[in-house]
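*Asks:* One line per chain: the protein sequences are A and B, in this order.
Just so you know, the UniProt record's numbering puts 206 at position 206 of the first sequence, and the rest follows in order with no gaps.
Just so you know, the UniProt record's numbering puts 29 at position 29 of the second sequence, and the rest follows in order with no gaps.
In case anyone wonders, no lab produced these hints; they're calculated from the structure.
It is possible that part of the hints are untrue.
[What the hints assert, rightly or not] Here are a few chain A residues that face chain B, going by a calculated C-beta distance under 8 Å:
| # | residue |
| --- | --- |
| 1 | V17 |
| 2 | P19 |
| 3 | N243 |
[Said to hold, decoys possible] Label pairs and their computed distance ranges (CB to CB):
| # | chain 1 | residue 1 | chain 2 | residue 2 | range |
| --- | --- | --- | --- | --- | --- |
| 4 | B | P165 | A | K78 | 27 to 35 Å |
| 5 | A | L190 | B | D131 | 31 to 39 Å |
| 6 | A | K78 | B | D124 | 48 to 56 Å |
| 7 | A | L173 | B | R173 | 44 to 52 Å |
| 8 | A | N243 | B | M1 | 19 to 27 Å |
| 9 | A | L109 | B | E123 | 49 to 57 Å |
| 10 | A | N243 | B | R300 | 28 to 36 Å |
| 11 | B | E127 | A | A48 | 46 to 54 Å |
| 12 | B | D164 | A | L29 | 27 to 35 Å |
| 13 | A | R158 | B | R6 | 44 to 52 Å |
| 14 | B | R173 | A | L224 | 50 to 58 Å |
Positions of the beta carbon are idealized from the N, C-alpha and C atoms, including for glycine.
Okay, here's what each chain looks like letter by letter:
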Amino acid sequence: MTPVAAIMRRELRSYFVTPVAYVFLVIFLVLAGLLTFYAGDFYERGLADLQPFFVMHPWLYLILAPALSMRMWAEESKSGTLELLLTLPVTLVQAMLGKFLAAWLFLGLALALTFPIWITVNYLGDPDNGVIFAGYLGSWLMAGAFLAIGACLSTLTRSQVVAFILTSLVCVLLILVGQPQVLDFFQGTLPRKLVNGVAHLSILRHFEAIARGVLDLRDLMYFLLTILAWLTAGVLVLDLKRNR
Amino acid sequence: MIEADRLTRCYGRLIAVDALSIRAEPGQVLGLLGPNGAGKSTAMRMIAGFLAPTSGTARVCGHDVQREPLKAKRALGYLPEGAPSYGEMTVREFLTFILRVRAMPAETGFRRFDEVVTHLQLEDVLEQCIDTLSKGLRRRVGLAQAILHDPPVLMLDEPTDGLDPNQKHAVRRLIDSMARERTILISTHLLEEVHALCNRVVIIARGKLLADATPAELEARSRYHGAVSFSAPGSGVSQEMLGRLPQVAAIEVDPLDGRITVFPKAGARILEPVEDLLRQQGLEVSEIQLERGRLDEVFRQITTGEGA
Numbered sequence: 001m002t003p004v005a006a007i008m009r010r011e012l013r014s015y016f017v018t019p020v021a022y023v024f025l026v027i028f029l030v031l032a033g034l035l036t037f038y039a040g041d042f043y044e045r046g047l048a049d050l051q052p053f054f055v056m057h058p059w060l061y062l063i064l065a066p067a068l069s070m071r072m073w074a075e076e077s078k079s080g081t082l083e084l085l086l087t088l089p090v091t092l093v094q095a096m097l098g099k100f101l102a103a104w105l106f107l108g109l110a111l112a113l114t115f116p117i118w119i120t121v122n123y124l125g126d127p128d129n130g131v132i133f134a135g136y137l138g139s140w141l142m143a144g145a146f147l148a149i150g151a152c153l154s155t156l157t158r159s160q161v162v163a164f165i166l167t168s169l170v171c172v173l174l175i176l177v178g179q180p181q182v183l184d185f186f187q188g189t190l191p192r193k194l195v196n197g198v199a200h201l202s203i204l205r206h207f208e209a210i211a212r213g214v215l216d217l218r219d220l221m222y223f224l225l226t227i228l229a230w231l232t233a234g235v236l237v238l239d240l241k242r243n244r
Numbered sequence: 001m002i003e004a005d006r007l008t009r010c011y012g013r014l015i016a017v018d019a020l021s022i023r024a025e026p027g028q029v030l031g032l033l034g035p036n037g038a039g040k041s042t043a044m045r046m047i048a049g050f051l052a053p054t055s056g057t058a059r060v061c062g063h064d065v066q067r068e069p070l071k072a073k074r075a076l077g078y079l080p081e082g083a084p085s086y087g088e089m090t091v092r093e094f095l096t097f098i099l100r101v102r103a104m105p106a107e108t109g110f111r112r113f114d115e116v117v118t119h120l121q122l123e124d125v126l127e128q129c130i131d132t133l134s135k136g137l138r139r140r141v142g143l144a145q146a147i148l149h150d151p152p153v154l155m156l157d158e159p160t161d162g163l164d165p166n167q168k169h170a171v172r173r174l175i176d177s178m179a180r181e182r183t184i185l186i187s188t189h190l191l192e193e194v195h196a197l198c199n200r201v202v203i204i205a206r207g208k209l210l211a212d213a214t215p216a217e218l219e220a221r222s223r224y225h226g227a228v229s230f231s232a233p234g235s236g237v238s239q240e241m242l243g244r245l246p247q248v249a250a251i252e253v254d255p256l257d258g259r260i261t262v263f264p265k266a267g268a269r270i271l272e273p274v275e276d277l278l279r280q281q282g283l284e285v286s287e288i289q290l291e292r293g294r295l296d297e298v299f300r301q302i303t304t305g306e307g308a
């Protein structure tokens, strides 16, 4: 077994031996359901699709992704196991990947467990399942981006609470940055090109594009690059800490 | 083999380890001795590759820890200070995780697992969460983790810290049994450990190397080395008479139990003359002892720079 797989497996196990996994899954599923039906007007719209379900996901992840990622490195720092892990023959990249993949897979599982809503909508009407699949893919990619941000910020501190708050903050910024109100604000102060650039940073814009069923390579690249960039930053922080 | 060459580590303006050069060969148990905060753990962390040195190099089995970290780490078994481990895992899960991360082939892996578990007497707690174990057991799990891949180089940061005397004895026996072909570096602030385990000692304080010697050589530096002490209850042993012996430098009487210690002049042997004198005087001596030297005194002298 490769070190990445070994670390990923250990992380996944640690979710399930502590109540973390179950609490997370229950809250995720309950919130996903509630938000869809109450805030998303699932029935009232009278449309057989999962837009109301996916539209809530950024806000759902805003709370739940940092909750999953906050312990990733902060806890290892605090309990001293970081020294154990980093003196085993693994590279920082392998350790980071193992931890990130565990969290990402776990969130994928949580997402997969929302399948009853997919069954429901297929029972009620005749939705475009391709669009729904794209929605799930987009949602999972977005979760990956949030988790990568959390993985990076979790290296900065020994405190899980600090990691949680920092991650939520960065995530909410990435959600809000594409909103018209924010862009209007920048329009007055920044040159047009920069405003466009800022708009492209928005996680919401790319997610909504995918969730509409348009699988544009640029949107996919946006998420993959975001994940890659934050994970790399996290590895750099860990390396810096060796020299601290 | 462990080689550290002018290893230096600064935290801001504080110099935690200052140009430390040490070398440990196979078959050697090298004790890294020093007061708390002397830089022992920092030095070990650099050799283990957890901290990057500010300057200087460390090599494990010839592999530079900075340039070939994976090769160095494969050759090294390391018990960090406090024996950290994943508390929510059972002992079996934890050790299996280590086997997997070290990518050991299944067959040798399982064989080593069984050997190590038997050796460290962990059979009964294999299915227990590490969090629920006593301090001694947790330390043993940490040791198991360090020796699982049968490394040629072993580095143990305070391996017996916080253990009861029986557990200490067991851990020392274990280290002893592994010493023959391996290079072992242990850090400690316990002087008894040096006697029990090490065939060479490096003393550091404030990050600097202050002594590099065998335990016997260190003892020889003690004022007590070669001194003769005895108890002669109820008899007025004449200190004056003892003092007149040409080889004697000084005499001290313990105010509590009246034990008399006679110190020799440099290089002189005084056991026989003192015994002769006592016999001539017809004095009853309940017990007489030739002192080897006191490590604690030498340690204090070296690390604080003051005389005993």
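*Asks:* A separate judgement is required for each hint: does it hold in the structure or not?
*Replies:* Taking the hints in turn, this is what the structure says about them:
1. For V17 of chain A, the interface hint holds, since its Cβ comes within 8 Å of a Cβ in chain B; the closest pair sits about 5 Å apart.
2. With a least beta-carbon distance of about 11 Å to chain B, the hint placing P19 of chain A at the interface is violated under the 8 Å criterion.
3. For N243 of chain A, the suggested interface contact is upheld, since its CB lies about 5 Å from the closest CB of chain B, less than 8 Å.
4. At roughly 32 Å, the beta carbons of P165 of chain B and K78 of chain A sit within the given window of 27 to 35 Å.
5. A beta carbon spacing of about 52 Å between L190 of chain A and D131 of chain B contradicts the range 31 to 39 Å that was offered as a hint.
6. For the pair K78 of chain A and D124 of chain B, the beta carbons lie near 30 Å from each other, so the given range of 48 to 56 Å is not met.
7. For the pair L173 of chain A and R173 of chain B, the supplied restraint of 44 to 52 Å is violated, since their beta-carbon distance comes to about 59 Å.
8. A hinted range of 19 to 27 Å holds for the C-beta pair N243 of chain A and M1 of chain B, which are about 26 Å apart.
9. For L109 of chain A and E123 of chain B, the hinted distance range of 49 to 57 Å is not satisfied, since their beta carbons lie about 35 Å from each other.
10. Between N243 of chain A and R300 of chain B the CB atoms are about 35 Å apart, so this pair conforms to the stated range of 28 to 36 Å.
11. Checked against the hint of 46 to 54 Å, the pair E127 of chain B and A48 of chain A passes, with Cβ atoms roughly 51 Å apart.
12. Here the CB-CB span from D164 of chain B to L29 of chain A is close to 49 Å, at odds with the stated 27 to 35 Å.
13. For R158 of chain A and R6 of chain B, the Cβ-Cβ distance of about 31 Å falls outside the hinted range of 44 to 52 Å, so the restraint is violated.
14. Between R173 of chain B and L224 of chain A, the C-beta spacing of about 54 Å keeps the proposed range 50 to 58 Å intact.
Going through the hint list in order, the structure does not satisfy hints 2, 5, 6, 7, 9, 12 and 13.
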